[in-house]
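*Asks:* Residue numbers (numbering that gives the first Met the number 0), protein chains in the order written: chain A, 0 to 128; chain B, 0 to 128; chain C, 0 to 128; chain D, 0 to 128.
Fair warning: there could be bad hints in the mix.
Note that the list lumps identical chains together, so a pair holds whenever it fits in one copy or between two copies.
[Stated by the list, open to error] Derived lysine-lysine pairs resembling DSSO-like cross-links, with alpha carbons at most 30 Å apart: (1) Lys116 - Lys126; (2) Lys64 - Lys113; (3) Lys80 - Lys38; (4) Lys38 - Lys64; (5) Lys80 - Lys64.
Source of the hints: derived by calculation from the structure; they are not laboratory data.
From a predicted model like this one, the values you see are computed outputs, not experimental measurements.
There are 4 protein chains.
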Amino acid sequence: MRVELPIIVRSTEIDVNGHVNNAKYLEYLEWGREEWYEKANLSYQTFLDMGLQTVTVNININYRKEAFQGDQLIIYTQPQKLGRTSYTLFQQIINQHGNVVADAQVTSVTIDVKTRKGVPVPQELTKFF
Amino acid sequence: MRVELPIIVRSTEIDVNGHVNNAKYLEYLEWGREEWYEKANLSYQTFLDMGLQTVTVNININYRKEAFQGDQLIIYTQPQKLGRTSYTLFQQIINQHGNVVADAQVTSVTIDVKTRKGVPVPQELTKFF
Amino acid sequence: MRVELPIIVRSTEIDVNGHVNNAKYLEYLEWGREEWYEKANLSYQTFLDMGLQTVTVNININYRKEAFQGDQLIIYTQPQKLGRTSYTLFQQIINQHGNVVADAQVTSVTIDVKTRKGVPVPQELTKFF
Amino acid sequence: MRVELPIIVRSTEIDVNGHVNNAKYLEYLEWGREEWYEKANLSYQTFLDMGLQTVTVNININYRKEAFQGDQLIIYTQPQKLGRTSYTLFQQIINQHGNVVADAQVTSVTIDVKTRKGVPVPQELTKFF
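Kindly produce the complete structure, drawing on both the sequences and the hints.
*Replies:* See the structure below:
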């Protein structure tokens, strides 16, 4: 399941170099993942009801093109890799010219809300991989 | 009670015009108020224990000078005006040259956590005015 | 000329209290003003070509309702008041239920790019008031 | 050359989950790198004078511990790996208890300001590796 979220680059997201700041991309990616979880019917509350929480443990991002104020970006999010207690989503940010602005692998683990230890990724999530 | 909080302007706080963005100043002011409440022994939890919460209802800010990366700013916060269910803090941001970068009046109301209605400002807070 | 800009509240715009942070609203307002200037054909470059720049000197904002993740907000921007070297835009943020989340008066001055002194607001801008 | 930058976690850097948001760490890292370049006497202008610019192409960050409001963090930055036209800085964020909050490898390339193509890392920078 590949989910897309369109956004427009706003003035306050531009840094002194005239382009979107490298940290801002991680916000864009988070917005994209929120959209993915929503489409997957996996809200924060749904995980809590299973006694689980997901925690981001690694983000590996490639910056490929600059983005500018007014750019129309699409953030794509899709499942990539499944471990026992971890899973990786692949995300791409594409601009209005079809260029890849950035891509990233975002790895999370599922933990038990009480013990705070890693537990197997639940079937509600593994089914998408 | 006038409380000061020194900060240094960081790269990601600068916008495309090469100076601190107007919205960022409101973050600086919030950091300054947090410092004031801490010095006043009035934490979020302390208010909750009284069944109260404070809600910002108005900010009136004057932008007087630009601020730049590396600037050493001091955020001053002090009580200014007391109403029945509201109170106003006066804040100033001063740079390393002694210039006023911005000043603001920040008005909050105290509300009952349950009814969400305005209630008289508690004595723990009025004593500073 | 009243211009509207629709936005959706994103996860990273929510603070520890579970609602949009007070500083974030000033970013929303700036996005709205950018939209207004664009519709008015008054880009940053257009002002520069006249030897002018606009500088925000005061923002007076009322916080009226909380905003939450996923809220569909519209930022309205319109001319309000005209001085000799200054002008005030009135802005409102309305949520999907028709409630006013915040409103603000934003006052700017037009300055000469070289002398950095205030100069009369140009006719290209006064005609909207 | 290992450079350290102490910071304090501020209220507006905390997200709805009560801890520092994952994107904010990339701002902290940028602040740390700015400090490193300054200590290395390699300002943005110094690179420009050589006809060069540095561009971040990859950030690989591990999130290891949560950080909270008021935490006293130190951001450590040091050279790690040198390529022909690229170089990698290693960064760590350590909290007041001595725990690693996050660590990251940040890879940049040096480009010619005019051609925008990768060029060999200059000796002014390679000498630190």
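*Asks:* Give a verdict on every hint.
*Replies:* Hint check:
1. For the identical chains of this complex, Lys116 and Lys126 are intra-copy neighbours only, at 22 Å inside a copy versus 44 Å across copies, given an alpha-carbon limit of 30 Å.
2. Taking the shortest alpha-carbon separations for Lys64 and Lys113, only the inter-copy value of 16 Å comes in at or below 30 Å, while the best intra-copy value is 42 Å.
3. When the C-alpha separation of Lys80 and Lys38 is checked against a cutoff of 30 Å, the pair qualifies only within one copy, where the shortest distance is 19 Å, while the shortest distance between copies is 41 Å.
4. For the identical chains of this complex, Lys38 and Lys64 are neighbours both inside a copy (28 Å) and across copies (28 Å), given an alpha-carbon limit of 30 Å.
5. Taking the shortest alpha-carbon separations for Lys80 and Lys64, both the intra-copy value of 25 Å and the inter-copy value of 23 Å come in at or below 30 Å.
In summary, the structure agrees with every hint in the numbered list given earlier.
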